[in-house]
Amino acid sequence: MRSLIDITDFSTAELDALIKSACDISKHPKRYAKKCRGKTLATLFFEPSTRTRLSFEAAMLELGGNVLGFSDADSSSAAKGESISDTAKVVSCYADIIAMRHFKEGAAYVAANAATVPIINAGDGGHCHPTQTLADLLTIYRHKGGFDNLTVGFCGDLKYGRTVHSAIAALSRYKNVKVVLISPEELKLPDYIKTENMANMQYTETTSLSSVIGSLDILYMTRIQRERFDDASVYERLKDSYILTPKKLEKAKADMCILHPLPRVNEISVAVDDDPRACYFEQALNGKYMRMALILKFLKHKKEKENSEESNLIKNKIFCQNPKCVTQTEQEIEHIFKADKTQGICRCIYCDTQSQQKEEL
Amino acid sequence: MRSLIDITDFSTAELDALIKSACDISKHPKRYAKKCRGKTLATLFFEPSTRTRLSFEAAMLELGGNVLGFSDADSSSAAKGESISDTAKVVSCYADIIAMRHFKEGAAYVAANAATVPIINAGDGGHCHPTQTLADLLTIYRHKGGFDNLTVGFCGDLKYGRTVHSAIAALSRYKNVKVVLISPEELKLPDYIKTENMANMQYTETTSLSSVIGSLDILYMTRIQRERFDDASVYERLKDSYILTPKKLEKAKADMCILHPLPRVNEISVAVDDDPRACYFEQALNGKYMRMALILKFLKHKKEKENSEESNLIKNKIFCQNPKCVTQTEQEIEHIFKADKTQGICRCIYCDTQSQQKEEL
Amino acid sequence: MRSLIDITDFSTAELDALIKSACDISKHPKRYAKKCRGKTLATLFFEPSTRTRLSFEAAMLELGGNVLGFSDADSSSAAKGESISDTAKVVSCYADIIAMRHFKEGAAYVAANAATVPIINAGDGGHCHPTQTLADLLTIYRHKGGFDNLTVGFCGDLKYGRTVHSAIAALSRYKNVKVVLISPEELKLPDYIKTENMANMQYTETTSLSSVIGSLDILYMTRIQRERFDDASVYERLKDSYILTPKKLEKAKADMCILHPLPRVNEISVAVDDDPRACYFEQALNGKYMRMALILKFLKHKKEKENSEESNLIKNKIFCQNPKCVTQTEQEIEHIFKADKTQGICRCIYCDTQSQQKEEL
Chain A
1 MRSLIDITDF
11 STAELDALIK
21 SACDISKHPK
31 RYAKKCRGKT
41 LATLFFEPST
51 RTRLSFEAAM
61 LELGGNVLGF
71 SDADSSSAAK
81 GESISDTAKV
91 VSCYADIIAM
101 RHFKEGAAYV
111 AANAATVPII
121 NAGDGGHCHP
131 TQTLADLLTI
141 YRHKGGFDNL
151 TVGFCGDLKY
161 GRTVHSAIAA
171 LSRYKNVKVV
181 LISPEELKLP
191 DYIKTENMAN
201 MQYTETTSLS
211 SVIGSLDILY
221 MTRIQRERFD
231 DASVYERLKD
241 SYILTPKKLE
251 KAKADMCILH
261 PLPRVNEISV
271 AVDDDPRACY
281 FEQALNGKYM
291 RMALILKFLK
301 HKKEKENSEE
311 SNLIKNKIFC
321 QNPKCVTQTE
331 QEIEHIFKAD
341 KTQGICRCIY
351 CDTQSQQKEE
361 L
Chain B
1 MRSLIDITDF
11 STAELDALIK
21 SACDISKHPK
31 RYAKKCRGKT
41 LATLFFEPST
51 RTRLSFEAAM
61 LELGGNVLGF
71 SDADSSSAAK
81 GESISDTAKV
91 VSCYADIIAM
101 RHFKEGAAYV
111 AANAATVPII
121 NAGDGGHCHP
131 TQTLADLLTI
141 YRHKGGFDNL
151 TVGFCGDLKY
161 GRTVHSAIAA
171 LSRYKNVKVV
181 LISPEELKLP
191 DYIKTENMAN
201 MQYTETTSLS
211 SVIGSLDILY
221 MTRIQRERFD
231 DASVYERLKD
241 SYILTPKKLE
251 KAKADMCILH
261 PLPRVNEISV
271 AVDDDPRACY
281 FEQALNGKYM
291 RMALILKFLK
301 HKKEKENSEE
311 SNLIKNKIFC
321 QNPKCVTQTE
331 QEIEHIFKAD
341 KTQGICRCIY
351 CDTQSQQKEE
361 L
Chain C
1 MRSLIDITDF
11 STAELDALIK
21 SACDISKHPK
31 RYAKKCRGKT
41 LATLFFEPST
51 RTRLSFEAAM
61 LELGGNVLGF
71 SDADSSSAAK
81 GESISDTAKV
91 VSCYADIIAM
101 RHFKEGAAYV
111 AANAATVPII
121 NAGDGGHCHP
131 TQTLADLLTI
141 YRHKGGFDNL
151 TVGFCGDLKY
161 GRTVHSAIAA
171 LSRYKNVKVV
181 LISPEELKLP
191 DYIKTENMAN
201 MQYTETTSLS
211 SVIGSLDILY
221 MTRIQRERFD
231 DASVYERLKD
241 SYILTPKKLE
251 KAKADMCILH
261 PLPRVNEISV
271 AVDDDPRACY
281 FEQALNGKYM
291 RMALILKFLK
301 HKKEKENSEE
311 SNLIKNKIFC
321 QNPKCVTQTE
331 QEIEHIFKAD
341 KTQGICRCIY
351 CDTQSQQKEE
361 L
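Protein chains in written order, with our numbering: chain A, 1 to 361; chain B, 1 to 361; chain C, 1 to 361.
Quick caveat, the hints were computed from the structure, so don't treat them as lab data.
It is possible that some hints are incorrect.
Unchecked claim - Straight-line alpha carbon distances no greater than 30 Å define the calculated BS3-like cross-link-like pairs of lysine-lysine that follow:
#1 B:30 with A:30
#2 C:300 with A:39
#3 B:159 with B:175
#4 C:144 with C:194
#5 C:194 with B:144
#6 C:194 with B:30
#7 A:30 with C:315
#8 A:35 with C:34
#9 B:20 with C:39
#10 C:194 with B:27
#11 B:39 with C:300
#12 C:338 with A:30
#13 C:34 with B:34
#14 B:324 with A:239
#15 C:194 with B:297
#16 C:39 with B:35
Said to hold, decoys possible - Far from chain A, by Cβ distances over 12 Å, these chain C residues were calculated:
#17 56
#18 144
#19 207
#20 210
#21 262
#22 264
#23 316
We treat Cβ as the ideally placed atom computed from N, Cα and C, and that holds for glycine.
Using the sequences provided together with the hints, build the complete structure.
What follows is the structure, encoded as structure tokens:
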């Protein structure tokens, strides 16, 4: 594995090694200041994301490397109809490693197949955003010394929040992590996440942040968007209960950590920023260190072409129905599904959407 | 003081030291080529300004440092509703110093309060643009050896031209500077500038460039925009008298310096460019040297939290009425006014707009 | 000659030296990794072109230099009405060499006249794009060892494809190059190219790729755009015959090279990519090496002001009628035509459009 598409591409041992590496970088930045001299990172951002892009660029610059790229699709060749594969092949001529954000689900996978250098998924539509999860993990690790036995609350939009889904998938690897899911009914965690990622996790669901905040070691806040509600009056009635304030924090543990993937709008009151439990700006800093560790890891090895596990793959027999999937637009792409015979389902290899067509299994 | 919001943040001694430093850099660029190795400048441009941005980036690169950032608001997290404070806090994790341009007045002040690294104001709406003034000062200094006893003409739009206001404020520090204000009636220098900054300056006002050009040591040209006139016919009648041509220059001193903050449209004829008195392109070069000096100055020290002079500040009792002020949009911001009891007024600490509410003093 | 506007600005000897230099760079990249330390390239892209811009930036970074610039006109001072000349003069203060793409024909020439550093034309509207031709030449050279005696097919849109026109002009310098022009009637090579550049070249024209593919040493593919056809049904009928597929390749020589300036849309089937004759991604890599060679060449010498060959120039008597010519918009520009008395014509010095006014000769 030489590209990072989804957080689960890494084994627990690899995650632990990355965290260790990031800790060392944060303690001894000067030792790493020339590690990537003469190497170039391309940041291909087909949709804007300042924070993520600047974090990647800062990471590479602090390793002594160079950066080039673009920050939105308008200033890219995509405007001329170029495929993601072609862009990835060409940019492989200009850079040693690529961080890519794209609005299509599965785009990073397509790029990784075509590129001759490592691809880091910096977000592919609503699908995955694994380096955010790396930042989350490092922040938890630095405050708690590990992940086993923690009680982690996720609050806000658990339905659409891909950072929540990804963090749960990562935490499910560790022992005895308890999850508390805090959201309005409308924005509950989807069942498939529970089935697939939380089989060995203990979890509870609630609509009330106040009632559970006292039990949490970690509180992971996310934004609730008005657009998610069919009925605006429901949003108006609910929204305040999901805003974190100094008042609500009174009941929390003294060493609870507050995380947020940022940017926030108003879901954490500014008055909370000075509370020592507020870790969300440190989390941004940790994101940089994890990206440094990741770049170092990937640049250590030459890229080898990998063989897919052909036995499980169904090619060009099922077609992905997800309108946001990259297979809807990429030129001459193979439609590939991966069969999971245990569960009796198959999923698009690009965007992980489950097939509706059962007959192929 | 570790950030630069307004040119008056610097004492005369500090300005003189910056000028001296910039002169040394321009003479011995190689001595400075590694001064910022391993340091990163973030250029956060919420509205485009190529010249200013490239000047900052060139400054940092020629000091051996790195650059990251964005060039318009669309490719920033601001599009997602993030506050200026949060952006400043997060970017403090990625860079050692920040140059920021924003369309809101007072934005740089807000950023400086939140950031943990120095902020340089690269323009905050129509409010301040202090590094342009630094470029102006260095250009005058290199041609005249100082500022005392000069006669300086400002020509064009003196009402809205913030570079003019700022240059006057800076020159008011020196001895016996005479100012000649040349503009149509519609675009005269506002009275409050005269009251506040020109108390100890001798000045005259005129509508005719030709009649005064012979007396000037410095002629500072600015653009007159059609949009500033209610009556288009007035604009049409006036505009030519404020265009500098070789013909008008015949009456000027042989060693007069012509300045212009650029970009120009047509207010200086291209035929003037080859005149040895044309200093506006050199002025762009000087802007780079002053920015180098400024970056060096700010990176020398660690940032300390400063205590505001609490005694003069009025918090959350008066609210700024300027629709362009950052307090209109920034999340959970304190409304703060600074009282000047001598003059019997108070001003918004962000955008310097005078309060209409007198009762608070 | 210190700027590159058109490929014919270089002599054959200069082209050969550049190719030799690029080959050496590709073999020994480490020897060149510090050649431009402390030097800065500005990439001024008034219209987007990711591939070209990233190629220039990668070239400069791999020489150890720095990069600054912008990637579209919106984030440039052009939005404020600044002339190309002024932009070129100011950016000369910030960079040691400039690569410029502009939508106006002749823009690079205007910039080269105003700048005090070398200008490389990275595309000026539909006029020239010489560094693409450099990439083409290096790719041919590396596969064929030279240019003499080759049979080169150009396929697709030969009417509007400036990369084709430029490649033909370059190849016309070599001995016994045979050209095969493959296009629909609607998109045939313009007569003036034949007259001016192909006088000493043997060429044939055809509408059928299949019928000639077996004779080619080089096949240069370009895109056919639907918009070029008045009659959509003609496009629909023709398009497939100009798409390169593995089937069509069966008749081609085993060592034929397939070139394409990229980005492609669908004119080369993705199935061709794995064919060893597919050289278009290598061509992108070669573009980087040629740009490295070009930057090195230009930074070796100090810029001297050149004297135009005044005798042939007609100033401000004829006015260019090309609506896309830079003379239509640039402030106070001289209209200059160059007379070619042998052919009895004169051409705009900026965009090469022939004058309709004959009386001046």
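Against the structure, the hints:
The hinted pair formed by residue 30 of chain B and residue 30 of chain A meets the criterion: a straight-line CA distance of about 24 Å does not exceed 30 Å. Taking the CA atoms of residue 300 of chain C and residue 39 of chain A, the gap is about 25 Å. The hint holds against a cut of 30 Å. As the CA atoms of residue 159 of chain B and residue 175 of chain B are separated by approximately 25 Å, the hinted pair is consistent with the 30 Å bound. Using a Cα cut-off of 30 Å, the hinted pair residue 144 of chain C and residue 194 of chain C holds, with the two alpha carbons roughly 25 Å apart.
A threshold of 30 Å between alpha carbons decides the hint, and for residue 194 of chain C with residue 144 of chain B the separation of about 60 Å lies outside it, so the pair is violated. As the CA atoms of residue 194 of chain C and residue 30 of chain B are separated by approximately 52 Å, the hinted pair breaks the 30 Å bound. Pair hint residue 30 of chain A plus residue 315 of chain C does not hold up; C-alpha atoms about 60 Å apart against a cutoff of 30 Å. At most 30 Å may separate the alpha-carbon atoms for a hinted pair to count; residue 35 of chain A and residue 34 of chain C meet this at roughly 16 Å.
With a C-alpha separation of about 25 Å, the suggested pair residue 20 of chain B and residue 39 of chain C falls inside the 30 Å cut-off, and the hint holds. For a cut-off of 30 Å, the pair hint linking residue 194 of chain C to residue 27 of chain B is broken: about 54 Å separates their Cα positions. Note on residue 39 of chain B and residue 300 of chain C: the hinted pairing holds, with a Cα-Cα distance of about 29 Å set against a maximum of 30 Å. At most 30 Å may separate the alpha-carbon atoms for a hinted pair to count; residue 338 of chain C and residue 30 of chain A exceed this at roughly 59 Å.
Only pairs whose Cα atoms come within 30 Å are accepted, and residue 34 of chain C paired with residue 34 of chain B is accepted, the gap being roughly 14 Å. Under the criterion of a C-alpha separation no larger than 30 Å, the hint pairing residue 324 of chain B with residue 239 of chain A is consistent with the structure, at around 29 Å. For a cut-off of 30 Å, the pair hint linking residue 194 of chain C to residue 297 of chain B is broken: about 62 Å separates their Cα positions. Only pairs whose Cα atoms come within 30 Å are accepted, and residue 39 of chain C paired with residue 35 of chain B is accepted, the gap being roughly 16 Å.
Not every Cβ of chain A is farther than 12 Å from the Cβ of residue 56 of chain C; the closest lies at roughly 9 Å, contradicting the non-interface assignment. For residue 144 of chain C, the non-interface assignment is confirmed: its Cβ lies about 21 Å from the closest Cβ of chain A, beyond the 12 Å cut-off. The claim that residue 207 of chain C lies off the interface holds: its Cβ sits roughly 25 Å from the closest Cβ of chain A, which is beyond the 12 Å cut-off. Every CB of chain A is more than 12 Å from the CB of residue 210 of chain C (nearest about 21 Å), matching its label as outside the interface.
Its closest Cβ contact with chain A, about 7 Å, brings residue 262 of chain C to no more than 12 Å, contrary to its assignment away from the interface. The non-interface label for residue 264 of chain C is inconsistent with chain A: the shortest C-beta to C-beta separation is roughly 7 Å, within 12 Å. Here residue 316 of chain C stays apart from chain A, with its beta-carbon at least about 37 Å from theirs, past the 12 Å limit.
In terms of the numbered hints stated before, the structure departs from hints 5, 6, 7, 10, 12, 15, 17, 21, 22, listed from lowest to highest.
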